[in-house]
Amino acid sequence: MQKYKNPNQHLIAPGHTACPGCGQLMSARLVLDACGSKTIIANATGCLEVTTTKYPTSSWKVPWVHSLFENPSAVASGILAALKQKGLDKEITVLAQGGDGSTFDIGFGLISGMWERKENILYVCYNTEVYSNTGYQASGATPLDANTTTTPPDKKSMGNAFIRKNMGEIAIAHGCVYVAQTTCGYPADIINKVKKALTFTGPKYLEILTTCIPGWGVENEMAVQMGKLAHKTGIYPVFEYYDDEYHVMKIPGEPLKVDEYLKLHKRFKHLFGNERGKEAIKQIQNIADKNIEKYNLK
Amino acid sequence: MILNKLEYRIKNTEYRIMKLDNSKQFLEGSHAVAEIIKLIKPAVVAAYPITPQTHIVEDLAKMKASGEGGFEYINTESEFAAASLLLGASATGVRTYTATCSQGLLLMTEVLFNIAGMRLPVVITCANRAVSAPINIWNDQQDAVTIRDAGWLMLYGETNQEIIDLHLLAYKLAETLRLPVMVNMDGFVLTHTYEPVLMPGQEQINKFLPPYKPAIGTYLDVKNPVTLGSLATPDSYMEIRKQLAQDIYLSSDLIKKYHTDFKKVFGRSIGDNGLVEEYKTKDAEVILVAMGSVCGTIKDAIDEMRERKQKVGLLKIISFRPFADEEVIKHLAKAKYIAVVDKSISLGSEGVLATEIKRAAYNQTKAKIQSFIVGLGGRDVTKEMIEQIIFDIKKDKTNKMHFISCTD
Ligand SMILES: Cc1ncc(C[n+]2csc(CCOP(=O)(O)OP(=O)(O)O)c2C)c(N)n1
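Line by line, the protein sequences give chains W and U.
So the first sequence is numbered by my numbering: it starts at 2 and just counts up by one.
So the second sequence is numbered by my numbering: it starts at 26 and just counts up by one.
A portion of the hints provided could be inaccurate.
[What the hints assert, rightly or not] Residues on chain U that point at chain W, a partial pick, calculated with CB under 8 Å:
1. S103
2. G113
3. L131
4. E135
5. V251
6. G254
7. S255
8. P259
9. S261
[Said to hold, decoys possible] Beyond 12 Å from chain W on every Cβ pair, some chain U residues (computed):
10. S48
11. K87
12. G92
13. F96
14. A106
15. L110
16. T117
17. V119
18. N231
19. D260
20. L279
21. E303
22. K383
23. Q389
24. D405
25. M410
No lab work stands behind these hints, which were simulated from the structure alone.
Every residue, glycine too, gets a C-beta built ideally from N, C-alpha and C.
Bound conformation, chain W alone:
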């Protein structure tokens, strides 16, 4: 492995205003470094945008545009169309990126349109499993039973009532040429997957589970650990899909039980020390077991 880069060599400059230990910022830096300087980014509204572009400063060393919360996909389509007319589309990478709220919920229709058009765009979703920027409200990526500010557990609530959407499978169903999931627990894997993605021409989707320190209620230094545990429990499958085949990152050894992961988050605290919670954890274990089976993670 290469030694640490001088922080000023990264394409996201130091000095952003994200929380210490943010899994998303770290992942975004890895993604962009892997894409290289000949990249144009369309970014959704969200933590990544807000913490890097306070006027008149910017952390971005590549051309970067933010329009709205729900449209980085269509903005990226426009960038690509313009590059085609300039004859630059073969040499420049178009990267669209947003959080899970942007990707799973409000921007969903526009992403579907972009994929349908089979455009050569890499879309990266930084999945914090919650609307981080507005204060940790539930999104379509929020896991079952998570405590968010709009799904508070109480006498009549166990937290989020829904099982999260599976965007990776939705991307595959759209015929994306490359689909992958990974986590901020595996920095080298993020780099490899971006590089691999860019060997394909056409619509590409990469989803990275990125720890939200305050949203999940974990300590500043835990982003990487949480990313690894999400994989090792089977809660978050790490895989690639291309040429009609899955390529899976196997869980090393026996999969861990989900409570090894859940117990570390404040957002799942209400599941511990009571009967109702025990039942809920069983259900979550069931989801993880199904993932392990479906994606052949063992």
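Assemble the complex: chain W is given as a structure, and chain U with the ligand must be docked to it using the hints.
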């Protein structure tokens, strides 16, 4: 034999480019727009269908398919996406185009504000149509006036010739000011009507509107990376918005200037100066104020009333944004009655243009100014209705808004 809609259109296309004489062509309004857009050469065209805009994007699709149009033509999954796509393309430094109206324009609203705030020279045509509910595909002007605060320059044409010409002016303004421009044409009344028009030649167009070359450092370019669309805190937001407001307000002068250039190159004008057109106002006791195709009907009504020695005139508003207060007041100040004719309404208030005229006229005239609503949802506006308005404004002792030709 009853033809289905598609057969009917195919049969009709052969008439669409019927030549009248050496210079004028007899074109459907939508086709005329598509033709001028082809000559303006946008790099990226985004499309999403909505009646009565459809013929414009269909004609552009045909031009793309035949190779006549060299632009990227992209079918999107919504108007929201179409506008976003143009935002991205424009931010990458190329000329862009789409057309929409009504529900489509409203769906775009968030993006429209964004495009203006980001100072991107996007140009769109709005084929003005009523807004739901009740759903109605016919013409009025509710759609565009509803987004008047978005930061777009908004131009209104009376005839298809004006619509052609306004598109040229629109791109010229957009690209110099780095501001978006919307050209408004009444749905069906203009979009689906055949009129003889002069289609300018490519050389003339290039002279007036050279290829778009944005300044380096203003667009997305890997050789000169910029950050566009950043977060502005209370420290800077207000100054940025003030600058936008001022630039739009001052654009009246630029419209006049480019209108002079336009006249030189094309040998005709768009109203008096690209901002307004006065018609028989000099000695008028009653002046009607209106925008769009209804001005044609009003002019005919005025001619007939003038024969009966009634002193009536019209002030046609071409530029609704910027609203050229001085130009407007100049023509209105001496009238006794000012009847503002709106094809839209700010619900809970009155006609949108009426409020605008009252604001501009504040302390500038003693005239009675009254709001008249006509033609909502495609109801025909006739010369008789115009005469009714003249009658009403003199007779009515109140200042209340009137709905013309509308049962209680
Ligand atoms: C149309 C619209 N609705 C709501 C918002 C408010 N908003 C801004 S960022 C955000 C949450 C972003 O969440 P996500 O996409 O998950 O990104 P994260 O902040 O977690 O990185 C919301 C709800 C907005 N900007 N625009």
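To test your reading of the hints: which numbers does this structure violate? 3, 8, 13, 14, 15, 16, 17 and 19
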